[in-house]
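Given only the sequences and the hints, what does the whole structure look like? Please build it.
Note that the protein sequences, when read in sequence, are chains A and B. Each residue of the first sequence is one higher than the one before, counting from 229 in the working numbering. Each residue of the second sequence is one higher than the one before, counting from 419 in the working numbering.
The set of hints was computed from the structure by calculation and includes no laboratory data. All values derive from a computational prediction rather than experimental measurement. Where is the CB? At the ideal position from N, CA and C, for every residue including glycine. Don't take every hint at face value.
In silico DSSO-like pairs for lysine-lysine, Cα to Cα no more than 27 Å straight-line [to be verified]:
#1 B:K450 / A:K430
#2 A:K358 / A:K430
#3 B:K428 / B:K621
#4 B:K621 / B:K601
#5 A:K430 / B:K621
#6 B:K632 / B:K601
#7 A:K455 / A:K358
#8 B:K632 / A:K358
#9 B:K428 / B:K450
Covered by chain B, per the in silico footprint, the following chain A stretches (three or more residues, Cβ under 8 Å) [as the list claims (entries may be wrong)]:
#10 259-273
#11 432-445
Only some residues are given here: those of chain A computed to face chain B with a beta carbon under 8 Å [as the list claims (entries may be wrong)]:
#12 P289
#13 S305
#14 N364
#15 S421
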Amino acid sequence: MHPAPSVIVFTVLSGLGFGFLAFLGLGALPGHGPWHFALWVLGYALAVGGLLASTFHLGNPQRAWRAFSQWRTSWLSREGCAAVVTLILLAPVALGDLLPLGDLRLLGLLGAAMSLVTIFTTSMIYAQLKTVPRWNHPVTPLLFLGYAIAGGSILSGEGRIAVVACLILFLVLAASWRIGDRRFAEVGQSIGSATGLGDLGKVRVFERGHTAGNYLLHEMMFVVGRKHADRLRIIALAFSTLVPAALVVLGGPHWPVVVLATLCHILGALAQRWLFFAQAEHVVGLYYGMR
Amino acid sequence: MTMLPGPTPKKLGLAIDLDTCVGCQACVTACKGWNDQGYGAPLSDQNPYGADPSGTFLNRVHSYEVQPADAPAQLVNFPRSCLHCESAPCVTVCPTGASYKRAEDGIVLVNEDACIGCGLCAWACPYGARELDPAAGVMKKCTLCVDRIYNDNLPEEDREPACVRTCPTNARHFGDFADPDSKVSRLAAERGGFALMPDLGTKPVNRYLPPRRKGAAEASPLAPLLDIRATGLAGWLDRVLGKI
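Structure follows, in structure tokens:
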């Protein structure tokens, strides 16, 4: 699949944002006053910024409001609804830092739960697609949740949780590649089943339907990014899990360490997300004899 | 609404005969021609006269070589367009309700006024039936020429999809698959019509009719020539040289 920068930025930033909001909602970084409120602003900026970035790849972004209507069937619609509900639930908790709004711990807990639900709905946009076998597996939601919890715990300075979350993310990442690499073969679609001619004999592309490019070739059959896949995997694994975990352990709970660890984690997440799209093979490629 | 309507009283679709299709691309052109001027946004082309042209089409004809284990290789021309699936994944993933399946006849359509151009429906389609039009920013797909088949202003023989109407070899047939006595249902039954990638659970309506088993020679026509028994001087030489 074509790794559109807007979608990579969207999933990475909003994942980190909702992860961070979940930790804030659970009462990590207790405190009051404008400085503490600024942390909430950061969480909202990441989450909302990511959601806004996702509208950049739309053909008609001015109609994006319509995407809240089909929550009964569409994971993309559910994601939009869940994100808005989460942001509304947590708003009083955030304002509680500035105003005397009383005990809002229960609302914070609810908001934290909805943050994770939002991450889950994001992951299901990809995991639901039977046409992309690499994504169509329970490891995809685990991956997105793993990133949100690891990112959120690093950014909120929850050192011990961050180290455990990073190690879990390490394992989930490794598993996602191991499982993903054999998913296409496992699902078993081939040029023979795509054309239905497989029972007659061995099918080979003789001529494509068109000599020029088209939307399908551009969107679903992206091969450039796979060239450096192995190196990108090492970068993703090291920067999103090992480096931030080491920084947190060695550096302790100081804000420069937290910032550096978060930036490393984001870099690793961007590399992982690039590969997530670039390495995903859509079954329509079978008609073109390419993946 | 992106809820699927459930079983529809009519199941309009195409039966495409891979035996008679000659790959002339006339259906591709007729489709582009008709859908460029009627229903919805026109099918745009990008850089059509430049070095790197591309464009939006609702129908593409590929060609495949099929090599049976025990017979000569065969060339199969393969038109590829929307199969108007009963369990259409492109409909349920749509976040805005733009993508829908008609309850009355099962045609899968896009309400272009509600389409945000996110492309998720095209990702969900295994068959590459949807192409996002870069000029209009909305998803385009086969409408089964919904603006022809019910159009009282057209002569009756023209009330079928443009691809079907134009096909010079009658390789494309339009009809109702819910009616077991319709032309397309009978064709599919008689010729062993099949669905594409049925394992994916999309339940396509369209059927492809397989190439007929040709009266091909059991072996290559050149086979007898491979076992030449030379006679006369050449035969004598063959025998002598073979003994040295």
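Outcome of the hint check:
no. : hint            : in the structure
1   : B:K450 / A:K430 : violated, 32 Å
2   : A:K358 / A:K430 : holds, 25 Å
3   : B:K428 / B:K621 : holds, 15 Å
4   : B:K621 / B:K601 : holds, 20 Å
5   : A:K430 / B:K621 : holds, 25 Å
6   : B:K632 / B:K601 : holds, 24 Å
7   : A:K455 / A:K358 : holds, 25 Å
8   : B:K632 / A:K358 : violated, 36 Å
9   : B:K428 / B:K450 : holds, 26 Å
10  : 259-273         : violated (count 0)
11  : 432-445         : holds (count 12)
12  : P289            : holds, 7 Å
13  : S305            : holds, 4 Å
14  : N364            : violated, 10 Å
15  : S421            : holds, 5 Å
When held up to the earlier numbered hints, the structure conflicts with 1, 8, 10 and 14 and fits the remainder.
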